[in-house]
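Listed in order, the protein sequences are those of chains A and B.
Just so we're aligned, residue 1 is where the first sequence starts under this note's numbering, counting upward by one.
Just so we're aligned, residue 1 is where the second sequence starts under this note's numbering, counting upward by one.
To be clear, the hints were calculated from the coordinates, so they are not data collected in a lab.
Hints should not be assumed to be uniformly reliable.
Which copy is meant is left open, so a pair is good if it fits within one copy or across any two.
Computed cross-link-like contacts, SDA-like style, restricted to lysine to any residue with a CA-CA straight-line distance of at most 25 Å [said to hold, decoys possible]:
{"id": "1", "residue 1": "Lys110", "residue 2": "His24"}
{"id": "2", "residue 1": "Lys211", "residue 2": "Arg87"}
{"id": "3", "residue 1": "Lys110", "residue 2": "Gly120"}
{"id": "4", "residue 1": "Lys211", "residue 2": "Asp156"}
{"id": "5", "residue 1": "Lys211", "residue 2": "Asp164"}
{"id": "6", "residue 1": "Lys110", "residue 2": "Arg209"}
{"id": "7", "residue 1": "Lys211", "residue 2": "Arg149"}
{"id": "8", "residue 1": "Lys211", "residue 2": "Ala167"}
{"id": "9", "residue 1": "Lys211", "residue 2": "Arg183"}
{"id": "10", "residue 1": "Lys110", "residue 2": "Ala145"}
{"id": "11", "residue 1": "Lys211", "residue 2": "Ala65"}
{"id": "12", "residue 1": "Lys211", "residue 2": "Ala13"}
{"id": "13", "residue 1": "Lys110", "residue 2": "Gly220"}
{"id": "14", "residue 1": "Lys54", "residue 2": "Glu224"}
{"id": "15", "residue 1": "Lys211", "residue 2": "Gly181"}
{"id": "16", "residue 1": "Lys110", "residue 2": "Ala52"}
{"id": "17", "residue 1": "Lys211", "residue 2": "Ser153"}
{"id": "18", "residue 1": "Lys211", "residue 2": "Ala228"}
{"id": "19", "residue 1": "Lys211", "residue 2": "Asp152"}
Protein chains: 2
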Amino acid sequence: MPEPVSIIGASGALGFGLAVRLAHAGGEVVLGSRDPGRAGETVVRVRAAVPAGKLDCALNADAAAAADLVILAVPFRNQAETLHNLRGALRPGQIVVDATVPLAAALGGKATRTIGVWQGSAAQQAQEMVPDGVSVVSALHTISAASLRDLDSALDEDVLVAGDRRADKARVAALLDSIDGLRCVDCGRLEMARLTEQLTALMISVNVRYKTHAGIRITGLPDELWPAAAS
Amino acid sequence: MPEPVSIIGASGALGFGLAVRLAHAGGEVVLGSRDPGRAGETVVRVRAAVPAGKLDCALNADAAAAADLVILAVPFRNQAETLHNLRGALRPGQIVVDATVPLAAALGGKATRTIGVWQGSAAQQAQEMVPDGVSVVSALHTISAASLRDLDSALDEDVLVAGDRRADKARVAALLDSIDGLRCVDCGRLEMARLTEQLTALMISVNVRYKTHAGIRITGLPDELWPAAAS
Numbered sequence: 001m002p003e004p005v006s007i008i009g010a011s012g013a014l015g016f017g018l019a020v021r022l023a024h025a026g027g028e029v030v031l032g033s034r035d036p037g038r039a040g041e042t043v044v045r046v047r048a049a050v051p052a053g054k055l056d057c058a059l060n061a062d063a064a065a066a067a068d069l070v071i072l073a074v075p076f077r078n079q080a081e082t083l084h085n086l087r088g089a090l091r092p093g094q095i096v097v098d099a100t101v102p103l104a105a106a107l108g109g110k111a112t113r114t115i116g117v118w119q120g121s122a123a124q125q126a127q128e129m130v131p132d133g134v135s136v137v138s139a140l141h142t143i144s145a146a147s148l149r150d151l152d153s154a155l156d157e158d159v160l161v162a163g164d165r166r167a168d169k170a171r172v173a174a175l176l177d178s179i180d181g182l183r184c185v186d187c188g189r190l191e192m193a194r195l196t197e198q199l200t201a202l203m204i205s206v207n208v209r210y211k212t213h214a215g216i217r218i219t220g221l222p223d224e225l226w227p228a229a230a231s
Numbered sequence: 001m002p003e004p005v006s007i008i009g010a011s012g013a014l015g016f017g018l019a020v021r022l023a024h025a026g027g028e029v030v031l032g033s034r035d036p037g038r039a040g041e042t043v044v045r046v047r048a049a050v051p052a053g054k055l056d057c058a059l060n061a062d063a064a065a066a067a068d069l070v071i072l073a074v075p076f077r078n079q080a081e082t083l084h085n086l087r088g089a090l091r092p093g094q095i096v097v098d099a100t101v102p103l104a105a106a107l108g109g110k111a112t113r114t115i116g117v118w119q120g121s122a123a124q125q126a127q128e129m130v131p132d133g134v135s136v137v138s139a140l141h142t143i144s145a146a147s148l149r150d151l152d153s154a155l156d157e158d159v160l161v162a163g164d165r166r167a168d169k170a171r172v173a174a175l176l177d178s179i180d181g182l183r184c185v186d187c188g189r190l191e192m193a194r195l196t197e198q199l200t201a202l203m204i205s206v207n208v209r210y211k212t213h214a215g216i217r218i219t220g221l222p223d224e225l226w227p228a229a230a231s
């Protein structure tokens with residue numbers, strides 16, 4: 001059973017897909033939105049896909065306070081503003097899973113290109129903006145929202161995870177590994193988000209060419225990716 | 001049977017591994033080096049792994065003139081100088097497969113970090129430096145040299161290919177697909193090398209954590225990745 005989680009931006013494509021899969025896995029999911037109407041509408045949509053889902057909804061700030069694990073699934077152009085608005089809601093000990101991607105599309109450019117973030121990556125920007133004691137873990141940039149929302153679509157891919165605290169990454173991995181067909185891989189420190197965030201643009205380029213929803217698998221790994229002793 | 005290929009920097013780790021695999025696949029391989037002694041020594045080493053290999057060796061400039069397909073497998077710190085020295089040897093119609101990676105290690109930094117290249121990527125720098133009419137295709141950044149050189153190690157991973165001419169990418173794919181266990185994936189235009197080159201650093205970070213030689217597989221792709229009609 002995955003631990004309870006809040007999703008900031010649950011009415012967006014990625015947030016919605018994650019909500020469907022995590023609810024399907026049996027987890028309690030709080031669906032956060034900027035707008036109460038959209039939050040409620042999202043609950044209805046998720047419930048249509050997962051009738052037995054343990055769902056709640058809230059404005060983003062209330063959602064951020066409602067669980068120790070908080071997934072940030074907003075477009076990059078809203079990331080800084082959202083984090084600014086959540087400063088009063090987040091508390092030490094929480095983990096923010098940053099899934100935002102600095103696509104050039106945020107500024108009217110191509111979705112196969114990215115823009116430079118001063119801090120190095122969106123995740124590092126998030127780490128700079130959250131209150132002290134909140135840990136940012138970067139993940140989910142190669143997972144297709146379209147594949148997530150469709151429970152009939154069998155997932156078969158890895159989640160590339162980066163963060164500075166191994167125990168926090170392992171906790172995020174336990175959450176996301178509860179989704180059938182996903183496997184979390186430790187890609188190193190949070191600064192590696194510079195690389196993993198770029199992969200969204202690569203996936204989009206591959207998707208355009210092959211008219212698919214591509215994912216990534218890392219080959220050559222051992223069976224046990226999150227040994228308890230090391231966390 | 002793969003078409004003949006020259007490898008610039010064949011005495012390096014990646015160049016050597018590619019030479020072993022391509023010779024094993026039955027292709028004619030010209031092993032280029034800056035130093036005639038090292039070129040000859042490399043032939044001996046490749047022949048030890050592939051006794052029936054069709055091998056020749058040459059100084060880099062002669063190697064570059066010896067085949068229509070030329071793999072550039074030099075360290076990034078030597079890339080610009082090497083391409084400068086090859087300007088008189090390369091001719092229109094040739095394809096240069098750029099496998100160089102702008103790792104920060106080139107300047108004494110970490111192998112899990114990269115440095116910025118003004119042109120956007122090492123491959124784009126290569127395209128700027130080769131004579132007009134020579135086409136640069138970017139590939140091979142996620143393939144472990146250690147896995148390549150060991151014929152007992154079964155490969156099971158993708159080669160991420162980027163380039164501006166689809167027919168040229170398809171030709172490179174036909175060459176590299178001749179290596180058992182490798183599958184080439186079209187990742188888009190040459191500018192996507194900005195992203196694929198970064199993956200070497202990501203692979204190194206994963207390798208350090210899991211003590212392995214990781215590779216990448218793209219999931220969700222159709223069976224036919226290089227349809228002849230589209231090339």
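Taking the hints in turn, this is what the structure says about them:
1. Proximity of lysine 110 to histidine 24 under the C-alpha cut-off of 25 Å is found in neither arrangement, the shortest distances being 33 Å within a copy and 41 Å between copies.
2. In the homo-oligomer, the alpha carbons of lysine 211 and arginine 87 never lie at most 25 Å apart, since the shortest distance is 40 Å inside one protomer and 39 Å across protomers.
3. Proximity of lysine 110 to glycine 120 under the C-alpha cut-off of 25 Å is found in both arrangements, the shortest distances being 20 Å within a copy and 16 Å between copies.
4. Proximity of lysine 211 to aspartate 156 under the C-alpha cut-off of 25 Å is found in both arrangements, the shortest distances being 17 Å within a copy and 23 Å between copies.
5. With identical chains, the CA atoms of lysine 211 and aspartate 164 are at most 25 Å apart between copies only, with a shortest distance of 19 Å across copies and 36 Å within one.
6. For the homomeric pair lysine 110 and arginine 209, the shortest alpha-carbon distance inside one copy (15 Å) is at most 25 Å, but the shortest distance between copies (34 Å) is not.
7. For a Cα distance limit of 25 Å, the shortest separation of lysine 211 from arginine 149 inside one copy, 18 Å, qualifies, whereas the shortest one across copies, 35 Å, does not.
8. With identical chains, the CA atoms of lysine 211 and alanine 167 are at most 25 Å apart between copies only, with a shortest distance of 19 Å across copies and 38 Å within one.
9. In this homomeric assembly, lysine 211 and arginine 183 come within 25 Å of each other (Cα to Cα) both inside a single copy, at 24 Å, and across copies, at 18 Å.
10. Proximity of lysine 110 to alanine 145 under the C-alpha cut-off of 25 Å is restricted to the intra-copy arrangement: shortest distance 18 Å within a copy versus 33 Å between copies.
11. In this assembly of identical chains, the alpha carbons of lysine 211 and alanine 65 never lie at most 25 Å apart, being 39 Å within a copy and 38 Å across copies at closest.
12. Proximity of lysine 211 and alanine 13 under a CA criterion of 25 Å is satisfied intra-copy only: 18 Å inside one chain copy versus 36 Å between copies.
13. Only between protomers do lysine 110 and glycine 220 lie at most 25 Å apart by alpha-carbon distance; the minimum there is 23 Å, versus 33 Å within a single protomer.
14. Proximity of lysine 54 to glutamate 224 under the C-alpha cut-off of 25 Å is found in neither arrangement, the shortest distances being 30 Å within a copy and 42 Å between copies.
15. In the homo-oligomer, the alpha carbons of lysine 211 and glycine 181 lie at most 25 Å apart both inside one protomer (21 Å) and across protomers (24 Å), since each shortest distance falls under that limit.
16. In this assembly of identical chains, the alpha carbons of lysine 110 and alanine 52 never lie at most 25 Å apart, being 39 Å within a copy and 49 Å across copies at closest.
17. Taking the shortest Cα distances, lysine 211 and serine 153 sit within 25 Å of each other inside one copy (15 Å), while across copies they are farther apart (33 Å).
18. Taking identical chains as interchangeable, the C-alpha atoms of lysine 211 and alanine 228 lie at most 25 Å apart only when they sit on different chains, with a minimum of 17 Å there against 39 Å within one chain.
19. Taking identical chains as interchangeable, the C-alpha atoms of lysine 211 and aspartate 152 lie at most 25 Å apart only when both belong to the same chain, with a minimum of 18 Å there against 35 Å between chains.
In summary, the numbered hints that this structure violates are 1, 2, 11, 14 and 16.
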